[in-house]
Amino acid sequence: MLPLIQREVVDYRKWIDETEFLNMIALAQAAPGLIAVNSAIFIGYQVGSRHIPAVWTARRLARLYPYLAVAAAVAGAVLPSFVIILAIAMLFASYNHMPAVEAVMKGVRPAVVALIAAPLLRMAAKANNPKPFREGGVLLLTWSLISALLIWLAHVSPVYIIAATIGLALIATFICERRKR
Amino acid sequence: MIYLQLFLSFFKIGLFGFGGGLAILSLIQHEVLTNGWMSETEFVDIVAISQVTPGPIGINCATYVGYTATQSVWGSVLATGAMILPGLIIMLAVCKVYVVLSARFAGNMFFQNTLRYLRFAVLGLIAAAALLLVTPATFIDTNSIILFATVFILTVLPQLVPAKQPMASRILNILSHPILLIVLAGMAGYIIYS
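Just so you know, the protein sequences line up as chains B and W, in that order. Note that the first sequence covers residues 1 to 181 in the numbering used here. Note that the second sequence covers residues 1 to 194 in the numbering used here.
None of these hints come from the bench; they were simulated from the model. Just so you know, not all the hints are guaranteed correct.
As the list claims (entries may be wrong) - Just some of the chain B residues that point at chain W, by a computed CB distance under 7 Å:
#, residue
1, P3
2, L64
3, A89
4, I151
5, A154
Everything numeric in this text was worked out from a predicted model, so none of it was measured. Note that the Cβ used here is the ideal one computed from N, Cα and C, for glycine as well.
Please model the entire structure based on the sequences and the hints provided.
Rendered as structure tokens:
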């Protein structure tokens, strides 16, 4: 997804430059929600606040223009998949009891589980970026394991895990920073 | 009121959904199964369809779940909109102070460490999402296990092949494409089970 956005927005339209694009990725990943949608919001806002048409400025609507651009960008990012999936959802609801469809899905289901699990190895290697095994890497991997077990076996909501992780990170950093002084 | 429930659940998913599509999948899974909007197999089917259709997997899932839970287009609109909303509010706030923020936060240890810790938590979330889907409904017999192992190995393999062999890694890259793998698994399923 990101290479596609880069080609369109940086190389072809030249709406933002390379550095801004990198900042955008960092912000879109740090903010909650979907990276593609967050990127669209960022680009929409930047483009909207730079290319305000004279008509809007003349009517003192210039302040609203970036929000319009954001709305357009978000709609563009969401609508294609929204429409396609909605059509499939409507169709699938009436076909999924057919024996042939059910047979196909029986083959697909274990494959989907594999597709969810397989990226884990690569992600685990990348999680410690930029250095491969920076201090606390093993402890953090243990935390990954604990959170997996809590969600899987104790049915703890992932929301609590995320909230706990943020709290843990802030406390750990606070202790580290104090020890440094 | 199912619409209110749908909105609250997907707002929560949007607010705590860090770390990309697969991590958000884990949040959607938890909400969907605890609210009883659909069964585990229905959820896996949705993930499969989300994988083979273009677009962000989170949007695909939200749209589908919204429709299935309410049997109406408005359910889709509400679920997708509610999921985007927290990110929209936060990103707009970030954009307003972007110039100041990017300079100050880039070196901030609290910010950097939180992102790093979250990357590890997301590993746990995704692992749990996969483990929760290992049920008798998805793994019906030994054929299922063979299919799982084949897809898993084909997906992991390109990372293990050294870059010295460009031909081999190119072939493996094509073979490990998720859409192709799902289509092949579907064909295998059709041959085995019908």
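Here is how each hint holds up against the structure:
no.	hint	result
1	P3	14 Å, violated
2	L64	13 Å, violated
3	A89	4 Å, holds
4	I151	4 Å, holds
5	A154	10 Å, violated
The structure fails hints 1, 2, 5 (numbered hints given earlier, in ascending order).
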